[in-house]
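Protein chains: 2
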Amino acid sequence: MIKRLLLLLLVGIFTQHSFSQHQLSKTLDLMPWPKEISENSEKFLITVDFTIQINYGNETKVTHAATKFLRRLSNRTGVFFKNGFPSKNNKISSLQISFSNVVAPILGVDESYTLDVKNKQILLNATTDIGAIRGLETLLQLVKNRKHTTYFAGVSITDAPRFLWRGLMIDVARHFMPVEVIKRNLDAMAAVKMNVFHWHLTDDQGFRVESKVYPKLHQLGSDGLYYTQAQIKDVVKYATRLGIRVIPEFDVPGHASAILAAYPALGSKEGYEYSIERNAGVFDPTLDPTNDETYVFLKNLFTEIAPLFPDEYFHIGGDENEGKHWSESKEITAFKKKHHLKTNHDLQTYFNIKLEKILLKLNKKLMGWDEIMTPTMPTTAVIHSWRGTHEGLKESTLIEAAKKGYQSVLSNGYYIDRMLSVKHHYGVDPIGDAVLTKQERARILGGETTMWSELVTPLTVDSRIWPRTAAIAERYWSQKSVTDVDNMFKRLNVVSFQLEELGLTHLRNKNVILRNITQNQNTNSLTILSEISEPLKIYSRNSGGTEYQTYSPFVLFADACTADAVDAFYFAKVVDRHLKNPTEKTQKKLMYFFQKWIKGYSQFQKLKSNPKLEKLRPLYSNLNAVSELFYKALKEKSRLNDSAVNSAIHELRKPIEDVAVVLINSLTKLKNTFIKKY
Amino acid sequence: MIKRLLLLLLVGIFTQHSFSQHQLSKTLDLMPWPKEISENSEKFLITVDFTIQINYGNETKVTHAATKFLRRLSNRTGVFFKNGFPSKNNKISSLQISFSNVVAPILGVDESYTLDVKNKQILLNATTDIGAIRGLETLLQLVKNRKHTTYFAGVSITDAPRFLWRGLMIDVARHFMPVEVIKRNLDAMAAVKMNVFHWHLTDDQGFRVESKVYPKLHQLGSDGLYYTQAQIKDVVKYATRLGIRVIPEFDVPGHASAILAAYPALGSKEGYEYSIERNAGVFDPTLDPTNDETYVFLKNLFTEIAPLFPDEYFHIGGDENEGKHWSESKEITAFKKKHHLKTNHDLQTYFNIKLEKILLKLNKKLMGWDEIMTPTMPTTAVIHSWRGTHEGLKESTLIEAAKKGYQSVLSNGYYIDRMLSVKHHYGVDPIGDAVLTKQERARILGGETTMWSELVTPLTVDSRIWPRTAAIAERYWSQKSVTDVDNMFKRLNVVSFQLEELGLTHLRNKNVILRNITQNQNTNSLTILSEISEPLKIYSRNSGGTEYQTYSPFVLFADACTADAVDAFYFAKVVDRHLKNPTEKTQKKLMYFFQKWIKGYSQFQKLKSNPKLEKLRPLYSNLNAVSELFYKALKEKSRLNDSAVNSAIHELRKPIEDVAVVLINSLTKLKNTFIKKY
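Line order of the protein sequences matches chains A and B. Okay, so the first sequence: first residue is 115 according to the working numbering, each after it adds one. Okay, so the second sequence: first residue is 115 according to the working numbering, each after it adds one.
In short, the hints are calculated from the structure, not lab data. All clues stand as given, with none of them false.
Pairs count within a copy or across copies, as identical chains cannot be separated in the list.
Below 30 Å or equal to it, Euclidean Cα-Cα: the simulated DSS-like pairs (lysine-lysine) are:
{"hint": "1", "residue 1": "Lys326", "residue 2": "Lys347"}
{"hint": "2", "residue 1": "Lys720", "residue 2": "Lys258"}
{"hint": "3", "residue 1": "Lys720", "residue 2": "Lys702"}
{"hint": "4", "residue 1": "Lys713", "residue 2": "Lys694"}
{"hint": "5", "residue 1": "Lys768", "residue 2": "Lys751"}
{"hint": "6", "residue 1": "Lys140", "residue 2": "Lys234"}
{"hint": "7", "residue 1": "Lys326", "residue 2": "Lys297"}
Construct the complete structure from the given sequences, taking the supplied hints into account.
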C-alpha cells in the first residue's frame, strides 16, 4: 500500500504539467492552440550553432519552410547563424525534421505532427511534409527570451486540426489586390495553419484573370488590373508550397457586370449598356441562362482557366441574383414556362446543373454560395453557407446542407468586412449545439473567413484581415473547448506582432494613413484618437453602396482605425474593475485615460490644419469635452454635472467621418456609478 | 519719356514673379526644381468636379499616369472625385493634357513639357507622352492646402532635363529584391523624373534570371530567388509605361561565382569548388576567357536574354576582376603569351571585345564599368565611371572617357550604399569644373545612383535609396546652379513624405524593425535614439565582408537608422545658432534635446530586456551620461565638469552595434564654448 502511494507520488513528481483542453498556458503564446500539449522545464538555447536537418531526400516544401524558418528566427532573435540553410545529412542538428510522405495539399490531407523540445534537441515528426511545416510554425511561436539568451520553451505537443477546411476568401474584384498582397496573406495563413485560399476573382466591379480565349474579359472588364496566367500559376505554386489549396471563384450568373461589359451579347437584357460597376451592392446584370452561347462561353472559359488551379473544387458563386432582368425578358419568361421552371431560383438551378456538368468533365466539383442548394441540385456540390439562419429557418444552411447530404463550409459569422470585434467571430462555432450523426458531422468541412473588398485596398486589407483571422483560424483548428476570450486576446497580441515580422502590413500602414491626414506632421494626436475609434460596422459605413466608389480615397481616418480599438478595450476593463472595487489605483488609471485624450486634443489643436483634419475636429472636440468633465470630477472627487455629461456623451455618440468613438458604454456605466456615489 | 516710365511700371506690376536659377521658391516644394518657373497668384481649387482630358487618341502611358494621378490626388486631398478616369473628349476638363508623339523611352527622347496653372484651368503641353507624364509629376507636387480647401498653386513652368541619363541601379544579386520592390522603386523614380533603371542581375551571390537555355543558372545559382522571364517582361512593361529605360547587367568575367556554381567547366581554375558566395567582397571565381565554350555560352545566354530588354544598351559589368585564377593557370598564361596579351587587364579587354561583337549582332551597345576602358576598346562602348579619379589620375574616368570619345555615365559620388549624407551626394556635379568641347560635353550622358545590396534587404532597401536619391535626381535633372542645400533639405522632407504616399516603405518600415528589437513593446525610446544615430559609413559596417553573410539578420538597430539622422541635423543647427548668438530660446532648445535623450534612456530602462536591447544599452547609457552633464550645466547655468564631459564624449564616440551617435562635433563645439563661457 505504501509502495503504491510512493509510486503515485513519484509519478506525480515526474509527470509533466499537462493542460486539459480548457487550461491554456499563461506563458506560451501559441495560436492556434494545439490539441495536446505538455510543458516541461527544459529550454533549447538558440545560438549561432543552430542547425536543421530534414530527414527526407528530394522535396521542396519543408526545405523552403525550414530556410524561411532560419531567416525568421535569425531576424527575431538577432542571432547570426553560421549555417543559413537546412541540411540533409547532419545527424547532430539542433532540429530534426522527419516525415514519411510528400503530398499535395488536397482536402483531407494529414496535417498532424508531434513536436518535442528538450534541452539538447528538438524533434519534429509528421506523416506528411505538410504536417511538418505546420509544426515548424508552432516551433517559431515557442521562442522566448531572457536578458541575454533566447530559447525554445520545452514542450511536448501532439497536434492535428479539428476541421479539414480552414479558409480565407479574398475578394480581388471590388479592389484589385496585387500578387504580393496575396502572397503575404498566404504566408500569414500558413503561420496560423490555414489551408484554403478562396480567390474571389470576378464580380461586377472587375474580371481579374487574363483569358487568352476571351481576351476582352481582362481587356474591357478589369481597368487593366488583372492577374496574368503566369501570375496565377506563380501564386498557386506559392500556396502549394505552404500546404494551402487555392479555390478560384467565378461568380455567375449574377455579379456579372464586368463579364457583360466585355461580352454584352451574353446578358439577359437586350440593349442594356453594360459597364464595369463602380459602386457597391447587388446589381441587375446577369448572364442569360436561356442562351446556348452562355454555356459555350462558360465551357470554353472554364476549360481554359480550370487547369491553372490543381484543386478539385471550383467555386461558381451563384449568390445574390434577384433575376430582375430575367423577369423583364419575354424570351426568358417563355423559356421558364416551356421548361416548367416556376421561379427565377428554379431557372438558376437549371443553370447551375448545366454548370456542374461542365465542371465534372473538367474533373472539378462545383461549390457555390448557399443559394445553389435547391431540391434538384446534386449532392456532389459543396454548399458554402453565408446566410446562416436565413428566412426564419431554425438551422443554419450549413447544418441543413450536411443533413441533406451536401458537404458544407461555413462563412456566416466570419464576415470580417462587417468590422466586428474579433471576440464576436471567435465565439462562432461551425457546429455549435447541432446534433449530428457521424456522417453528417463528416460533411461539415470547416469554415472560411471572407474578406469582401468594397471598402478595402491593398494599403488596408491586411489590417482588416489580421490579426482577427488568426483567432478565427484557432476556431477552425483547435478543439471546440478552447474558448477563453481573455487568453485569446493575450495571445493574439503576440501573434499580431509576429505577423508583421512575416511581412504583413497591418500595423505599419496605420501611420501611413495618419501621416497622410496630417500631411506629414506629428501623428501622435491621431494615434490616440484612433485607439478609441472604430470604423462603422455592419455595412453602415457605406450604406446603400453609393457613398464610396471603387476609386474613392481609402486613406481616411476610418481606414486607419480597426475593429478592436485597443484603448477602448483597456478602458472598459479599468471601468469594470473600478466599478467592482474602486481604489486609488483604478482612479488613477481612469484619470490617465482622460488625461491622454485631453492631451491628444491639445496636440491636435496645434497642427497646421487642412480639410481632412477639419473633418475630424468635431469628433476630437467631443471627446475632449467628455474627458474634461470626467477628469475634473475624478481629480477633485467631486460630483459630475449630470446634464453636462449627458449632453457631452450624447454628442460623442454621433459617428463622424464614418467612425465611432467606442467608449459610450463604458462612460455611461462610469457616469451612473459616479452620480450615485458622490 | 514719362510714357515709357509708365509702361515700365505697368510691365513691372503685371510681370509675374520669376525665379532665376538660383532663386528657389520658399513656398513651392518641387523636386527636381524646373528649368524655368514663374509663380502667379492664381489657384486652381481641387473639388469633386475635377476632371482630366487627354488630347490624344490611342495611347497608354498618359492614360495610365493620369488615372494614377487621380487616385494619388484623391488620396492626398481626401476629395471624392465624381469621375475616376481621364476622358478623351471633354473639352471643359480641369486639366488638359496635350502632346504630339507617343514614343518609346530611348536615350535622348524629348522629356520637356510646359505647365500652366490658372484659376480656371490647367494646361500641360509636351512634345511626347513621356514629357506629359513628367509634367504630371510636377503638377502633383504643386498641391497646397488651406483650412478648408486644397488647390494647385498657380505657376507657369517650362521644363527639360540637364542630363539624358538619370539612373538608379539596384543590385538584386547580393540580396534578391522581389518584383514589387522593383515596381515601387520605379514609381518613385518616375516621381522624381529619373529615366534609367539599371538592373544588376548577377553577381557572386546570385544569378537572378530564369534561363531556359541554361536552366542550371537559376536552379543552382539563385537559392530559388530569381525572376521568371514573364516577371522580367512585366517589370520592363511597367518601367516603359513610366518612361523608364531598363538596362540589364550581367557581370562578367569576374563576379561569376553563381554562374560557375551552375557551370563550373567555364571557370578559370580547374578542380575549384565553385559555390554561391555568402560573404561580401571581391572574389576569385572568373570565367575562362581562353575557353571557346565561354563565348558559346555567353552568346547563347545573351541571345536568349537580350530580347527581354528592348533598350539599346546592355551592361556587362567587367569590374573588379583581379585575375588571380588567370595568373595561377598555366594554360591561360600560355594563351596570353601566344596572343601578346601582357597583363590580365589586356586579357580582359580581349574578352570584352569578343563580347562587344556578340552584343553588336544582337543590336546591343556594350556598357561596362570603367575598367573596360583600354586603348583597344572601341568607342562604341559606354563607360560607366565608378572609380572617379583613381590611381592618382587628375581627371575622373567620366571626363577621361568623354575626351577619348566614349559616351560616359557617372556613378562615382553616387554610391548611396556608403551611407553618406544626402548633402554629400547633392554636392557632386557630373561635370564640375571640367572644361569640355561641345562634343565632349554631349558624350557625358548623366549619372547613376548605385544601390549595392550587401547590407540591404527588401525591408530596408527603400530607406537606403529614399529620400536621398530624390536629391540626386535633382542633380541629374535640374540646372547646375540649383545647389542651395538648406532649400533642398526643406523640399526633400516633403518629397520623402509624398514617396510614402506612392507606396515606398522607407518611413513605415522603421517601426517594424524597432518593434522587432523591443519585441512588441513601446518603441518610443528607440525612435529617439535612432534620430541621432547613423549606421557606420563607407563600408566600415561590414569591414572585410565577413561580419555579415547574405543570410544574416538585417533587422538590427543599424538597419532602422538612416544616413541623415534628423535630430542630429537639427541639434547641430541649434548649437550653431547658440554659439553665434546665445539666447534664452537657444538655451531652451538645447535643453529640450538633452531632456529628450535623458527621458528616452529612462523609457529604455523600463523595457523588458532581451539580448537585442542589451546590446544597445551601452550606447544609450553613454548618451544619457553626456546629456545629464550638459542638461545640468545649462539648467543651472553652471560650469561643465571638463574631464567628466571629455570622458563621457569619448565614450559616446565609440560605435556600438554598427551605429554611431552623430552628435560628437556639435557636442565638442558646444562644450568648448561652454567651458570658455561659464
